[in-house]
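Trainee: This is what each chain is made of:
Protein chains: 2
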Amino acid sequence: MPLIDTPQRLLDTLLAMPPARALGLALGDYDGQRLSLRAPLAPNVNDKGCAFGGSLSSLLTLSAWGLCSLKLGEAGFAAETYVQDSTVRYLAPLYADLEARAWLDPAQDWGDFLAAMNSRGKARAHVLAEVALPGGGVACSFEGRFVAKAA
Amino acid sequence: MPLIDTPQRLLDTLLAMPPARALGLALGDYDGQRLSLRAPLAPNVNDKGCAFGGSLSSLLTLSAWGLCSLKLGEAGFAAETYVQDSTVRYLAPLYADLEARAWLDPAQDWGDFLAAMNSRGKARAHVLAEVALPGGGVACSFEGRFVAKAA
Chain A
321 MPLIDTPQRL
331 LDTLLAMPPA
341 RALGLALGDY
351 DGQRLSLRAP
361 LAPNVNDKGC
371 AFGGSLSSLL
381 TLSAWGLCSL
391 KLGEAGFAAE
401 TYVQDSTVRY
411 LAPLYADLEA
421 RAWLDPAQDW
431 GDFLAAMNSR
441 GKARAHVLAE
451 VALPGGGVAC
461 SFEGRFVAKA
471 A
Chain B
321 MPLIDTPQRL
331 LDTLLAMPPA
341 RALGLALGDY
351 DGQRLSLRAP
361 LAPNVNDKGC
371 AFGGSLSSLL
381 TLSAWGLCSL
391 KLGEAGFAAE
401 TYVQDSTVRY
411 LAPLYADLEA
421 RAWLDPAQDW
431 GDFLAAMNSR
441 GKARAHVLAE
451 VALPGGGVAC
461 SFEGRFVAKA
471 A
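Residue numbers (our numbering), protein chains in the order written: chain A, 321 to 471; chain B, 321 to 471.
Hints listed in this document are in silico derivations from the structure and should not be mistaken for laboratory results. What you are looking at is a predicted structure, and each value in this text was computed from that prediction instead of being measured. A portion of the hints provided could be inaccurate.
In this list, chains with the same sequence are indistinguishable; a pair is considered to hold if it fits within one copy or across any two.
Said to hold, decoys possible - With a straight-line Cα cutoff of 27 Å, these simulated DSS-like cross-link-like pairs (lysine-lysine) come out: (1) K368 to K469; (2) K368 to K442; (3) K442 to K469.
Generate coordinates for the entire structure from the input sequences, incorporating the hints supplied.
Mentor: Below is the structure:
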């Protein structure tokens, strides 16, 4: 599998998945610690005219998965990364385009994660993410556990 | 909003949502207690050739939401139903078409749920769901809390 060592390579990998294309996925920002992914509201709208919970969950999952994949790729690991479990809290309806931002649980450290990959070929990450409301506040929050295995 | 009092009306409501159409959603079975929804693998495949976690989460959420909506519609309630939070556990990769089956937490009772709608115009349901593996076992399990409000 290809090394996901730049945001563009991450985007290429994501857009090879039909369900990510259906979201209308685009890159947001990446500063080495936080990754955001965007999607327009139109293909992700529910029966109430706001963002569909499943689309929010998908975008949150992909932002967290993408962050893990980038940190692994930047360190030279061509790894398989899986989501093990996730919890999403839907706090307020979102009547705007979607942007999900993911970061590592502050109780954890990417250095330790990569050291585990180096020594055991396997590592676990607890990743947090959220979708903000345009006027401030949070539309939904996510936490998920991911496991990476050397390919 | 329309009364969702038959599986076909539920399907019509779901297919009015672009993200549900993108899943390739179809009705499975409904026996008054359990509802299943199906989706083919092709539009829901990830980079590893198995079902994308976001699609699994979406289908699980819709099956649970759909079950609440049907129980409300059958009882004559035109309600707005929202997911409040959900947890998904991804237990095994699924290399086959998706079918999510939802049922009410056995600790709860639809009679109490509908009585709450009648008396307070609001009710909460804890719904369980899972996607089975074709050879037996579970690909992923879901639990979610939903709230319905009289429209």
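Trainee: Is it within a copy, between copies, both, or neither that the alpha carbon of K442 lies no farther than 27 Å from that of K469?
Mentor: For K442 and K469, only the intra-copy Cα distance (4 Å) is at most 27 Å; the inter-copy one is 46 Å.
Trainee: State whether the alpha carbon distance between K368 and K469 is at most 27 Å within one copy, between copies, both, or neither.
Mentor: between (40 Å within a copy, 13 Å between copies)
Trainee: Could you place K368 and K442 in one of the four classes (within, between, both, neither) given a Cα distance threshold of 27 Å?
Mentor: between (42 Å within a copy, 17 Å between copies)
Figure legend: structure checked against the earlier numbered hints; every hint is met.
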